[in-house]
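*Asks:* As a plain string of letters, each chain reads:
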Amino acid sequence: MYNFLIDIFGSPVIAFFVAAALPLFLFILPYALIAVLAERKVSAHMQDRLGPMRTGYHGIFQTVADILKLIQKEDITANSIDRTLFNFAPYLVFIGSFAAFAVLPFSSFFVGSSIDIGLFYFLAISSLVVAGILMGGWSSNNKYSLLGAMRSVSQIISYEIPTAIVVLTMVMLTSTLNLDTITNQQTAYFWNWNILGGAATGIAKFLLIPLMFAAFIIIFISTLAEVNRTPFDIPEAESELVSGFFTEYTGMKFAMFFLAEYANMLAVSFLITVLFFGGYHSPFGYLGNSLGIEWLVPIEQGVWFATKGLTFVLVQMWLRWTLPRLRVDQLMTVCWKYLIPYSVAILLLVGFITLI
Amino acid sequence: MPIKTEEMVLNMGPQHPSTHGVLRLELKLEGELILDVKPHIGYLHRCFEKHCEAMTYPQVVPYTDRMDYLASMSNNFGYAVAVERLMGIQVNERVEYIRVIMAELQRIASHMVALGTYGVDIGAFTPFLFLFADRERILTLFEETCGARLLYNYMWVGGLSHDIHPDFVRKTKDFVQYFRPKIDELNNLLSYNKIFVERTANIGILPADVAINYGITGPILRASGVKWDLRKNDPYSIYDRFDFDIPVGEGLKGTVGDCWDRYYVRVLEMVESLKIIEQAIDNIPEGDVQEAVPKRVKPPKGSIYARFENPKGELGYFIISDGSVNPFRVKVRAPSFVNMEVFGELCKGHFVADVISILGSMDVVLGEIDR
Numbered sequence: 039m040y041n042f043l044i045d046i047f048g049s050p051v052i053a054f055f056v057a058a059a060l061p062l063f064l065f066i067l068p069y070a071l072i073a074v075l076a077e078r079k080v081s082a083h084m085q086d087r088l089g090p091m092r093t094g095y096h097g098i099f100q101t102v103a104d105i106l107k108l109i110q111k112e113d114i115t116a117n118s119i120d121r122t123l124f125n126f127a128p129y130l131v132f133i134g135s136f137a138a139f140a141v142l143p144f145s146s147f148f149v150g151s152s153i154d155i156g157l158f159y160f161l162a163i164s165s166l167v168v169a170g171i172l173m174g175g176w177s178s179n180n181k182y183s184l185l186g187a188m189r190s191v192s193q194i195i196s197y198e199i200p201t202a203i204v205v206l207t208m209v210m211l212t213s214t215l216n217l218d219t220i221t222n223q224q225t226a227y228f229w230n231w232n233i234l235g236g237a238a239t240g241i242a243k244f245l246l247i248p249l250m251f252a253a254f255i256i257i258f259i260s261t262l263a264e265v266n267r268t269p270f271d272i273p274e275a276e277s278e279l280v281s282g283f284f285t286e287y288t289g290m291k292f293a294m295f296f297l298a299e300y301a302n303m304l305a306v307s308f309l310i311t312v313l314f315f316g317g318y319h320s321p322f323g324y325l326g327n328s329l330g331i332e333w334l335v336p337i338e339q340g341v342w343f344a345t346k347g348l349t350f351v352l353v354q355m356w357l358r359w360t361l362p363r364l365r366v367d368q369l370m371t372v373c374w375k376y377l378i379p380y381s382v383a384i385l386l387l388v389g390f391i392t393l394i
Numbered sequence: 013m014p015i016k017t018e019e020m021v022l023n024m025g026p027q028h029p030s031t032h033g034v035l036r037l038e039l040k041l042e043g044e045l046i047l048d049v050k051p052h053i054g055y056l057h058r059c060f061e062k063h064c065e066a067m068t069y070p071q072v073v074p075y076t077d078r079m080d081y082l083a084s085m086s087n088n089f090g091y092a093v094a095v096e097r098l099m100g101i102q103v104n105e106r107v108e109y110i111r112v113i114m115a116e117l118q119r120i121a122s123h124m125v126a127l128g129t130y131g132v133d134i135g136a137f138t139p140f141l142f143l144f145a146d147r148e149r150i151l152t153l154f155e156e157t158c159g160a161r162l163l164y165n166y167m168w169v170g171g172l173s174h175d176i177h178p179d180f181v182r183k184t185k186d187f188v189q190y191f192r193p194k195i196d197e198l199n200n201l202l203s204y205n206k207i208f209v210e211r212t213a214n215i216g217i218l219p220a221d222v223a224i225n226y227g228i229t230g231p232i233l234r235a236s237g238v239k240w241d242l243r244k245n246d247p248y249s250i251y252d253r254f255d256f257d258i259p260v261g262e263g264l265k266g267t268v269g270d271c272w273d274r275y276y277v278r279v280l281e282m283v284e285s286l287k288i289i290e291q292a293i294d295n296i297p298e299g300d301v302q303e304a305v306p307k308r309v310k311p312p313k314g315s316i317y318a319r320f321e322n323p324k325g326e327l328g329y330f331i332i333s334d335g336s337v338n339p340f341r342v343k344v345r346a347p348s349f350v351n352m353e354v355f356g357e358l359c360k361g362h363f364v365a366d367v368i369s370i371l372g373s374m375d376v377v378l379g380e381i382d383r
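Those sequence lines, one after another, are chains A and F. When we follow the numbering used here, the leftmost residue of the first sequence carries the number 39, and every step to the right adds one. When we follow the numbering used here, the leftmost residue of the second sequence carries the number 13, and every step to the right adds one.
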C-alpha cells in the first residue's frame with residue numbers, strides 16, 4: 039500500500055501522510071456515523087420501537103444531522119473549569135482511540151503501519167484515553183464528572199491487566215507482536231484461526247481449543263469494560279452520574295467523546311478479530327483466487343475484516359440493551375477475583391502446551 | 013505526611029435523571045460511601061389541602077387525581093368512598109365492581125411504571141419500554157371509558173362519571189390473557205438477571221420492626237415480611253368477595269426486606285391484581301352508574317378517617333365536615349410521604365449507586381409527597 043502510494047504521489051513524505059490519514063477518513067469516520075445510527079436502530083428494534091425514521095429513508099441521515107446540529111451548538115465552558123485541560127481532554131481521547139487503528143491490518147494490501155511492536159503499540163496508545171478521561175473529569179470541576187472520571191480510570195486500568203495477560207498468551211502462541219504476521223499465521227481456512235488452536239497440529243490443537251475459547255471470553259469481557267460499555271458503563275451511568283466525565287461538555291467536544299467511544303468499540307473488536315478470528319482472512323478461501331482475479335482478494339479481505347469486527351460491535355450493542363449495570367465494587371470483583379486468576383492460569387497452560 | 017481526606021457533599025437533584033421527579037438529596041460522601049442522606053422535599057407543593065377548603069366536595073375529585081398521578085383512579089376511589097361514608101350513601105353493585113376493576117388495573121399500571129423505571133435506575137433500559145408499551149393498553153382501556161389517559165376524574169361521589177365502554181369487558185379479558193405471559197418475560201429479562209440480583213439483593217434491608225415503627229405501608233412493608241394489606245385487613249368496597257393472596261417478601265435472593273424483595277413483591281402483586289380482575293370482570297351486574305350521585309353533596313357535621321390500599325401504600329383521607337358544601341378540612345395521609353422517611357436510614361453505609369437502587373425500590377411519587 040505504502041509503495042503503491044509512493045508511486046502515485048512520487049514523494050515518500052506525502053505518501054506517508056496519506057497512508058496515515060486514509061484509514062481515518064476512509065473507514066473510521068464513516069463507521070462512527072453508521073455505528074451511532076446502528077445503535078439507535080438496534081436498540082429501537084430490540085425495544086419494539088422504530089427508532090429514527092424522519093431523516094432520509096428509515097432515518098439513515100440521522101447521525102449526519104446530529105453532527106451538523108452539534109457543530110452549530112454553542113461551545114459552553116463553565117466559569118470554574120480548568121480551561122486548558124478541559125479543552126485538551128477531548129482531543130486526547132479522540133487521538134488515543136483513533137491512533138489505535140494505525141497498526142490494524144485491514145487487508146493484505148492495506149496495513150496502516152506494519153510495525154513489529156504492533157500489539158504493544160495498540161495497548162499503549164489506547165491508554166491515552168485514560169489520561170483524557172481523567173483530565174476531562176477533573177477539569178470540569180463538577181462532582182459528578184469527578185466521580186465518573188475516577189470510576190472510569192480505576193476501571194480501565196484494572197481491566198487492562200486481564201487484556202494484557204491474554205494478549206501475552208497470544209504472543210506466546212504466535213511468537214510475534216506484529217499484527218500482520220499474527221493474521222498471516224491464521225491464513226487459509228477457519229480451523230487455522232487461533233480460537234481453534236491456530237496453526238498448531240495434533241494433540242496440542244485439541245488442548246488449545248478450550249483454552250482459546252476461555253481466553254476469548256476473558257478478553258471480550260475485559261475490553262467491554264475498557265470501552266465503558268454496559269454492563270460496565272458505570273463511569274457514565276446516566277441514572278447515577280448524569281453522564282459521568284463528559285457531563286460538562288457541549289457541542290463538538292461532546293461529539294468527540296461520543297465518536298471516540300464508538301471508535302474504541304471497533305478498535306477492540308478488530309483486536310479480538312486479529313488475535314482470535316483470523317484477522318482479514320476469509321474462513322473459506324477467496325472468490326478472487328478461484329476466479330483468477332487477483333485484485334479482488336484484498337477487497338474481499340477488507341470485507342471479511344469489517345464483517346468480523348462489526349459482528350462484535352453488534353454483540354456489544356446487544357449486551358448494552360439487555361443487561362443492567364454492575365456496581366463499582368462488583369466491577370472490581372469481576373476483574374480481580376475472576377478474570378485475572380483465570381487469565382493467568384490460561385497463560386501458564388498455554389505456555390506448557392507451546393513448550394511441549 | 014498524612015493524606016488529608018475530607019467528606020464530599022453531593023447534591024443529587026432536583027434535576028437528576030433518577031430522583032423520579034423533583035426530589036433533592038443531599039448526600040454526604042466519603043469516596044463513594046454514603047455517610048448521611050438528607051432528602052429535601054417541597055419542590056412540587058401545590059397546596060392541595062388548602063385548595064380543598066375552598067372547593068365543594070365533588071370539585072375536590074380532580075385535585076386528588078394530581079396527588080399520585082400514576083394511580084389517579086385509586087386516589088379518586090378513596091376520596092369517593094370516604095365522602096360516601098361520611099354521607100351514608102350506598103352505591104349499587106355495578107359501581108362497586110367497576111371501581112374495583114379500575115383500581116386493580118390502575119395498580120398494575122402503577123407497578124409497571126415502578127418496575128420499569130427501577131430497571132432504568134439499575135441500567136436496563138429495555139424492560140422499561142416493554143412495560144410502558146403494555147401500560148399503554150391499560151391507558152387505552154381507561155381512555156375508551158372516561159376519555160382521559162392520566163388524570164381521570166372518573167369516580168364521583170356516589171357513582172362514576174361514565175358507564176364503561178361496550179368493548180371494555182372483552183378488551184379487559186384480552187388484556188389479562190395477554191399480560192400473564194408478559195410477567196414471565198419480565199422475570200426472565202430482569203427479575204432473575206444475575207447482575208440485577210447482584211445490584212438489588214441484600215441492599216437497603218428494611219427489617220419488619222423498623223418498617224412498622226416508621227409507619228411504612230404498602231409493598232415496602234410487605235417486602236419486609238409483614239402480611240398487611242388493607243384490602244384484606246380492613247376491607248373496603250367489595251374486596252372481601254374476591255379470592256387473592258397477599259404476597260410478602262421471602263428473601264429469595266438475599267435477605268427479607270431488601271431491594272429485590274421490594275421489587276418482586278410488586279411483580280407478584282400484579283399477578284394477584286390480574287386474579288381480582290378476572291373474578292370481577294364476569295360478574296358486573298346491570299345498573300345505572302349514576303343512580304346514587306347526590307344532587308348536592310352536603311355531608312352532615314362530623315369527621316371521618318378512611319384508608320385505602322393504594323399501589324404505593326396506605327392512602328388515608330381525613331375529612332372534617334362543618335355541614336356546608338365545602339369541606340372544613342381535608343387531610344391526606346400520602347403513602348409516599350410516610351415511606352420516604354425511612355430512606356435515610358436505609359442508605360447509610362451503602363454506595364452512591366445503591367442510593368439509586370434504594371430510591372427506585374421505594375417507588376415514591378413526588379406529586380404525592382408534596383401534594
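No lab work stands behind these hints: they were computed from the structure. Quantities reported herein were computed from a predicted structural model and do not represent experimental measurements. We treat Cβ as the ideally placed atom computed from N, Cα and C, and that holds for glycine. Among the clues, some could well be false.
What the hints assert, rightly or not - Just a few of them, taken from the derived set where beta-carbon distance is under 7 Å, the chain F residues facing chain A: (1) E18; (2) G25; (3) G135; (4) T138; (5) L141; (6) F144; (7) A145; (8) R147; (9) V188; (10) P193; (11) I195; (12) V209.
*Asks:* Mind checking the CB of G135 of chain F against every CB in chain A and telling me if the closest is under 7 Å?
*Replies:* Given a least distance of 3 Å, the restraint on G135 of chain F holds.
*Asks:* Under 7 Å, Cβ to Cβ, is where T138 of chain F needs to be relative to chain A, so tell me if that hint holds or is violated.
*Replies:* 5 Å, holds
*Asks:* If you take the shortest Cβ to Cβ gap from V188 of chain F to chain A, is it below 7 Å?
*Replies:* 20 Å, violated
*Asks:* Let's test the interface hint: is any C-beta of chain A closer than 7 Å to that of L141 of chain F?
*Replies:* OK, holds: L141 of chain F within 7 Å of chain A, min 4 Å.
*Asks:* Is the hint on G25 of chain F kept, meaning its closest Cβ partner in chain A is under 7 Å away?
*Replies:* Check failed: Cβ of G25 of chain F comes no nearer than 11 Å to chain A, outside 7 Å.
*Asks:* Report holds or violated for the interface hint on A145 of chain F, using the least CB-CB distance to chain A and a cut-off of 7 Å.
*Replies:* Nearest chain A Cβ about 6 Å off; hint holds.
*Asks:* Classify the hint on F144 of chain F as holds or violated, based on whether any CB of chain A lies nearer than 7 Å to its CB.
*Replies:* Constraint on F144 of chain F not satisfied, violated at 10 Å.
*Asks:* Given a cut of 7 Å on the nearest C-beta pair, is the interface hint for E18 of chain F held or broken against chain A?
*Replies:* 13 Å, violated
*Asks:* Close enough to count: is the Cβ of P193 of chain F nearer than 7 Å to one in chain A?
*Replies:* 15 Å, violated
*Asks:* Return the status of the interface hint for R147 of chain F: holds when the least beta-carbon distance to chain A is below 7 Å, violated otherwise.
*Replies:* 13 Å, violated
*Asks:* Quick check on the hint: V209 of chain F CB to chain A CB, less than 7 Å?
*Replies:* 10 Å, violated
*Asks:* Restraint: I195 of chain F near chain A, CB-CB cut 7 Å. Satisfied or not?
*Replies:* 17 Å, violated
The structure is inconsistent with the numbered hints 1, 2, 6, 8, 9, 10, 11 and 12, although it conforms to all the rest.
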